[in-house]
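Undergrad: Please construct the entire structure, taking both the sequences and the accompanying hints into account.
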Amino acid sequence: MFPPMPLADPVLVLADQADDDDVTTPTQATRELLMLARRIGTPVLVRFPVEQAADALIGIAERTHLRAILITADGHGEMISAHVSVRLESPIITDVTDLSIDHGCLITVQESAHGTDHITSEVHSAPAVITMCPRPRRRALVLAEADVVVAGGRGVGSAEGFSLLARLANELGGCLGCTHTAGELGWAPRHACISLPGAQIKPRLYVAGGVSGSLRHRAAVRRARTVVAIDSDPNAPILREADFGIVGDLHQVLPAVLDELAQRISPNSPDSVEA
Amino acid sequence: MLVRLIIGLAMTAVAFGLAARRVLTLYRIGRLGQPVEPGRTRDVVPRAKAVLIEVFGQRKLLKWTGAGAAHFAVFWGFVILGATIVEGYGALFQRNFHIPLIGTDTWLGFLEDLFIVAVLCGLAAFAAIRLRQSPSREGRSSRFSGSHLGAAWLVLFMIFNVMWTLLLYRGAQINTGYFPYKHGAFASEIAAKILHPLGHTANDVLETVGILGSLGVVLAFLVLVVNSKHLHIFLAPFNIAFSRRPRALGALLPIYSEGKEVDFEDPGEDDKIGRGAIEDFTWKGLLDFATCTECGRCQSQCPAWNTEKPLSPKLLIMSLRDHALAKAPYLLADSDEARAALPEAVRAEGERPLVGPIGEGGVIDPDVLWSCVTCGACVEQCPVDIEHVDHIVDMRRYQVMIESEFPHEAQGMLRNLERKGDPWGRGNKARLEWTQGLPFEVRVFGEGGEETLPADVEYLFWVGCAGSLDDNAKKTSRSVAELLHEAGVEFMILGSGETCTGDAARRLGQELLFQELAKQNVETLNEVGARKIVVTCAHCFNTLSNEYPQFGGNYEVVHHTELLAKLVAEGELRPVNDLDVAVTYHDPCYLGRHNRVFSPPREILGAIPGVRLTEMPRNKERSFCCGAGGARMWMEETIGTRINETRTDEALGTEPDLVTAACPYCIVMLTDGVNTRKQEGKAPEDVRVTDVSEVLLRSIRKNPEPPTPE
Numbered sequence: 661m662f663p664p665m666p667l668a669d670p671v672l673v674l675a676d677q678a679d680d681d682d683v684t685t686p687t688q689a690t691r692e693l694l695m696l697a698r699r700i701g702t703p704v705l706v707r708f709p710v711e712q713a714a715d716a717l718i719g720i721a722e723r724t725h726l727r728a729i730l731i732t733a734d735g736h737g738e739m740i741s742a743h744v745s746v747r748l749e750s751p752i753i754t755d756v757t758d759l760s761i762d763h764g765c766l767i768t769v770q771e772s773a774h775g776t777d778h779i780t781s782e783v784h785s786a787p788a789v790i791t792m793c794p795r796p797r798r799r800a801l802v803l804a805e806a807d808v809v810v811a812g813g814r815g816v817g818s819a820e821g822f823s824l825l826a827r828l829a830n831e832l833g834g835c836l837g838c839t840h841t842a843g844e845l846g847w848a849p850r851h852a853c854i855s856l857p858g859a860q861i862k863p864r865l866y867v868a869g870g871v872s873g874s875l876r877h878r879a880a881v882r883r884a885r886t887v888v889a890i891d892s893d894p895n896a897p898i899l900r901e902a903d904f905g906i907v908g909d910l911h912q913v914l915p916a917v918l919d920e921l922a923q924r925i926s927p928n929s930p931d932s933v934e935a
Numbered sequence: 088m089l090v091r092l093i094i095g096l097a098m099t100a101v102a103f104g105l106a107a108r109r110v111l112t113l114y115r116i117g118r119l120g121q122p123v124e125p126g127r128t129r130d131v132v133p134r135a136k137a138v139l140i141e142v143f144g145q146r147k148l149l150k151w152t153g154a155g156a157a158h159f160a161v162f163w164g165f166v167i168l169g170a171t172i173v174e175g176y177g178a179l180f181q182r183n184f185h186i187p188l189i190g191t192d193t194w195l196g197f198l199e200d201l202f203i204v205a206v207l208c209g210l211a212a213f214a215a216i217r218l219r220q221s222p223s224r225e226g227r228s229s230r231f232s233g234s235h236l237g238a239a240w241l242v243l244f245m246i247f248n249v250m251w252t253l254l255l256y257r258g259a260q261i262n263t264g265y266f267p268y269k270h271g272a273f274a275s276e277i278a279a280k281i282l283h284p285l286g287h288t289a290n291d292v293l294e295t296v297g298i299l300g301s302l303g304v305v306l307a308f309l310v311l312v313v314n315s316k317h318l319h320i321f322l323a324p325f326n327i328a329f330s331r332r333p334r335a336l337g338a339l340l341p342i343y344s345e346g347k348e349v350d351f352e353d354p355g356e357d358d359k360i361g362r363g364a365i366e367d368f369t370w371k372g373l374l375d376f377a378t379c380t381e382c383g384r385c386q387s388q389c390p391a392w393n394t395e396k397p398l399s400p401k402l403l404i405m406s407l408r409d410h411a412l413a414k415a416p417y418l419l420a421d422s423d424e425a426r427a428a429l430p431e432a433v434r435a436e437g438e439r440p441l442v443g444p445i446g447e448g449g450v451i452d453p454d455v456l457w458s459c460v461t462c463g464a465c466v467e468q469c470p471v472d473i474e475h476v477d478h479i480v481d482m483r484r485y486q487v488m489i490e491s492e493f494p495h496e497a498q499g500m501l502r503n504l505e506r507k508g509d510p511w512g513r514g515n516k517a518r519l520e521w522t523q524g525l526p527f528e529v530r531v532f533g534e535g536g537e538e539t540l541p542a543d544v545e546y547l548f549w550v551g552c553a554g555s556l557d558d559n560a561k562k563t564s565r566s567v568a569e570l571l572h573e574a575g576v577e578f579m580i581l582g583s584g585e586t587c588t589g590d591a592a593r594r595l596g597q598e599l600l601f602q603e604l605a606k607q608n609v610e611t612l613n614e615v616g617a618r619k620i621v622v623t624c625a626h627c628f629n630t631l632s633n634e635y636p637q638f639g640g641n642y643e644v645v646h647h648t649e650l651l652a653k654l655v656a657e658g659e660l661r662p663v664n665d666l667d668v669a670v671t672y673h674d675p676c677y678l679g680r681h682n683r684v685f686s687p688p689r690e691i692l693g694a695i696p697g698v699r700l701t702e703m704p705r706n707k708e709r710s711f712c713c714g715a716g717g718a719r720m721w722m723e724e725t726i727g728t729r730i731n732e733t734r735t736d737e738a739l740g741t742e743p744d745l746v747t748a749a750c751p752y753c754i755v756m757l758t759d760g761v762n763t764r765k766q767e768g769k770a771p772e773d774v775r776v777t778d779v780s781e782v783l784l785r786s787i788r789k790n791p792e793p794p795t796p797e
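From first to last, the protein sequence lines are chains A and B. Position in the first sequence counted from 1, then plus 660, gives you the working numbering. Position in the second sequence counted from 1, then plus 87, gives you the working numbering.
Just so you know, these hints were derived from the structure itself, not from any lab. Beta carbons are placed, not taken as given, at the ideal position from N, Cα and C, and that holds for glycine. The hints are all genuine.
Partial pick of chain A residues on the chain B-facing surface, computed with a CB cut under 8 angstroms:
| no. | residue |
| --- | --- |
| 1 | M695 |
| 2 | T841 |
| 3 | L845 |
| 4 | L856 |
| 5 | P857 |
| 6 | Q860 |
| 7 | L875 |
| 8 | A879 |
| 9 | R882 |
Restraint ranges, calculated between C-beta atoms of paired labels, are given here:
| no. | chain 1 | residue 1 | chain 2 | residue 2 | range |
| --- | --- | --- | --- | --- | --- |
| 10 | B | E225 | A | H778 | 44 to 54 angstroms |
| 11 | B | G768 | A | K862 | 33 to 43 angstroms |
| 12 | B | L340 | A | D669 | 28 to 38 angstroms |
| 13 | A | K862 | B | P636 | 33 to 43 angstroms |
| 14 | A | G833 | B | E708 | 49 to 59 angstroms |
| 15 | B | G346 | A | H778 | 35 to 45 angstroms |
| 16 | B | G616 | A | E820 | 57 to 67 angstroms |
| 17 | B | E438 | A | H778 | 12 to 22 angstroms |
| 18 | B | E438 | A | S785 | 25 to 35 angstroms |
| 19 | A | G764 | B | P444 | 25 to 35 angstroms |
| 20 | A | S785 | B | E520 | 50 to 60 angstroms |
| 21 | A | S785 | B | R434 | 29 to 39 angstroms |
| 22 | A | D669 | B | E225 | 48 to 58 angstroms |
TA: Shown next, in the form of C-alpha cells:
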C-alpha cells in the first residue's frame, strides 16, 4: 500500500497473519495498524511467514533505526512480539488501542475494564514493540456479525408478513434483516437494511424471503455461506445466487418450514423431555 | 475653505490608515496559504476576458434577473460615481473644480445623475428582496438564512448615505454657482430647486457640509468594506481572475502540495494530503473564503440544504473564513512564546480541528462534509466563482487518507473497488452478462485474438460497472447496443478488461485508489488504441473525458445521448412508432452542469413521435441532484428528507408516464423514489423511470412490444 520512500521514523507494521492469499490488499486489521503507524512516523508494511517473522523483524531492527514495531495482538502476534522484544532488549507494550506523538515522544493508550479505564504511557526508548488491538467497532452491527440471517423484501407484501420471517429467525437463533426497499416501506427498521450501503452480512446461513435480489442487495450478502431463497418469481436474480431456491409464495412455504422446524426441535418422543 | 480642506484631508488620512492596517493583516493571512497549482496564473488573455464578462458584464449575477439588475445598477454606479469622488476631492482644493477635459460635459453630468438614481432604485430593490426573503419570514428556505443580516443592512444604509449626500452637495453647488455641469444633471437640479428657498448662506454651508459628509461616508464605507463580508468589492475581480476556467466543475484536480502534484508512487515526506487545517488551503482557497458575500445563491440551489441537511455551501465557506480570521494571530505568531502569550480564545481557536463534531470544537462538522453530493449547483451559481466542491473534496481527502474518518458504510464500496474492480464486488467475469439475449453478437475486444481495436470499429463502448451489473442499467446498455447496431455503428466492448473508472473513490476523497484505477484503465485504453469512446454513465463520462487526461489518457469521449442525437439528426436512426407518452427529463449533474450536455437528450426525446416533454421547474443548469453524486450513492442518507424523493416529487409534478434520465445512478435513485411514492399511493402505478435511449428504442423497433411489467 505504501511505496518505498525516504524514511523518517520508520514504523514497521507486520502484516496480519490472517491475510488471505491475496497479498496485494492488506486486511482491515493491517490497514488500521498502518493508519495508526502513520500518526507516529512512516509506516512500512512487512510481510513474513509466521515462523520467520521474529528473526526477520530483529534483522531489520538491528540494521535500521526504527521508532516502533506494530504487530496485531492475536495468538501469533503475541508470540512474535515477545520474541522480538526479548532479543532486542526493547520495551514491549501489549494490547494497545491508540497511538500518538507528543513533542516527539511516543504515547500509547491501553484500555482495561471493557474500555472504561484508559492507561496512557510515554515510551522513551526505541524501537518499541507494540501489539495492537485497535478500538473495537461499535457493536450496533450485530446483523453484520450474525451466523444466521433471515431477511425479507418487497415480496413479503406487508409489515405483518415480516412476523413470519421474525419467527423463523427466532427459531434459528438468527437476526432479522430486510432489503433496502422493505426498509423504505417501513416494514422493518432501517438499521436492519441489508444493502450496499447498509449492513454487509456474512452469515453461515442466509434465508431470503420475497427478495428479488437487486444488485445492491446481492453485493451485501456476497459473503454469506449458504443462501436459501424463496421467491414467487422464477426469474428473480436471487434464485440464481442461491444454493437452495424455492419458487413459491413465502406465506405458504414459511409456515411449512416453521412446522418442520418445530417438529425437529421438540419431537413428540417422550424420552427427549427431561423429567 | 481651508477648514474644509483640512477636515477632508484629516478624515482621509484616518480612514486610509485604518483600511491599510486591515488590508495588510488580510494580505498576511492570505500569505499563510499554500501556493496554488501552476495553471492558475497562466492564460492571461482568457482570464482577463473572464474578468470583463463576469465583473463588468455581471454575467452570472444577471442570471437572476431582478437581483442581477439591481446589482448591475449598483456596481456600475460605483464605477461611474468614482468621478464624483474626484470632483469632491477637487472641490476641497478649489471651489469651482471640474475634471479636466470632460468635466463640464453634459453627458457626464447626466450619467452621474442617472446612476445616482439607478443606485437608489437598486437599493430599493435590494431592500425589497431582503424584506421579502427575510429569514425571519422564510426561515431556512431563505437564501439569507445564516448570513450576517445586520452588516448587510448597514451596507445598504451606507450606500444610501453616499447617494443622498451626493445629491445634497451637488444641489447646493448649483445654488452657489460652483457646480461643474450646466446641463444634464437632472437629479441634482431637482435637489437644487428644493434647497433654493433656504437662501444663499444656507446653501453655502450645505455645500461644504455635503462635500465633507459625502467624502466622510465614502471613507467610512471603505473602512466598513475591508472589515466585512463586503470585501468582495475589491476581491471579486481577483478571485474571478484566478479561478478555474471555464468553471470549477467537471474534473477534480489531483492532490497538490506546495503547488506541486503529489506523486503517490514517491510521495515527499512533507507532502500535505488534502486539507487538514485551515493553513493547508491555498491562497486562492483563502481568497475564496474572503470573497464570499453571503448572497446565498449557492444555498438556495443546494440539494443538501434543501432537504434539511446541515450543509450549506455558503455557511461552509463562512465557517472557514471566520476560522481563518480567528486563527490568524495564532498562525502569524512567529515563536512558541508569542503563541503562548496570545489570549486564551485565540489559542483555543488554534487548537480546533478543521473537521470534527461541532460539539467537540470542530470547524466543519463531519455531517456537513459528508452531505455534499458534488452536484456543483453552488459553483454554477456563485457570482464570484468560489470553488466549493474542490474545497469539500480536499477536506474529504485528508479525512479519508490521513485520518481514515469517513462514513463507515462507504467502506464496502471501497473494498469492492480494491478487490473486484467494481463497487458491488461482482468481479470482472460478470461484466458480460448484459449482452445475453441480444439478437446480435456484441464484439468483445480480444475474443478474436486482436491486440488493438480493429480498423472497422468506430467506437469503444465503455459499459461501466452499473451498465454491466445493475438490472436497470443493463437495459440501457442493451438499448444503446441495439440502437448502435441498428444505425450500423461498429463498436466493441472491453468486457472483463474494464474496471471502475474510480469516480466514487475520487469524490469520496480516496485519491490513491482512484489513481490506481485510473492508471490501470488508461493503460488498458492506450494499449487497445482507443480513440473514440461512447459511455452511458454520466460519471464514467466525466472521468474518462475530463480526468483521464491527467494520467495521459486522451480520448474523444461522447455520451450515448450525444451519439444517439447525432444519429437521429443524420437520419441513421428514424424514430417512427408513435409512443403517445408524457415524459419529463432529469438532467444528471455530471452530464449537465459538469459537462454542459443539456440539449442532446432533449433532441432525442423531441424527435420521437408522440413524446410530450414537460420540463421540471428545476432543469438544465439549475437541475436538482438525484442524491447519488459525490459517492453519496454509497452512504446512507439519515439526515433530513431524502434528496431522491424530493426530486421524484418534482418529476411527478409534471404528471409523466415516463421519468427519463441519462445516468444509471440517477435512474437507481429516481426508481427508488418512484417506488416509495407508489407504495404511499402518491404516484400512479404505471409511472416508470427509464433511460432516454430506451424510449428511443421503443420508437424504432419494428414491432413494438408492450413494456414488460417490472
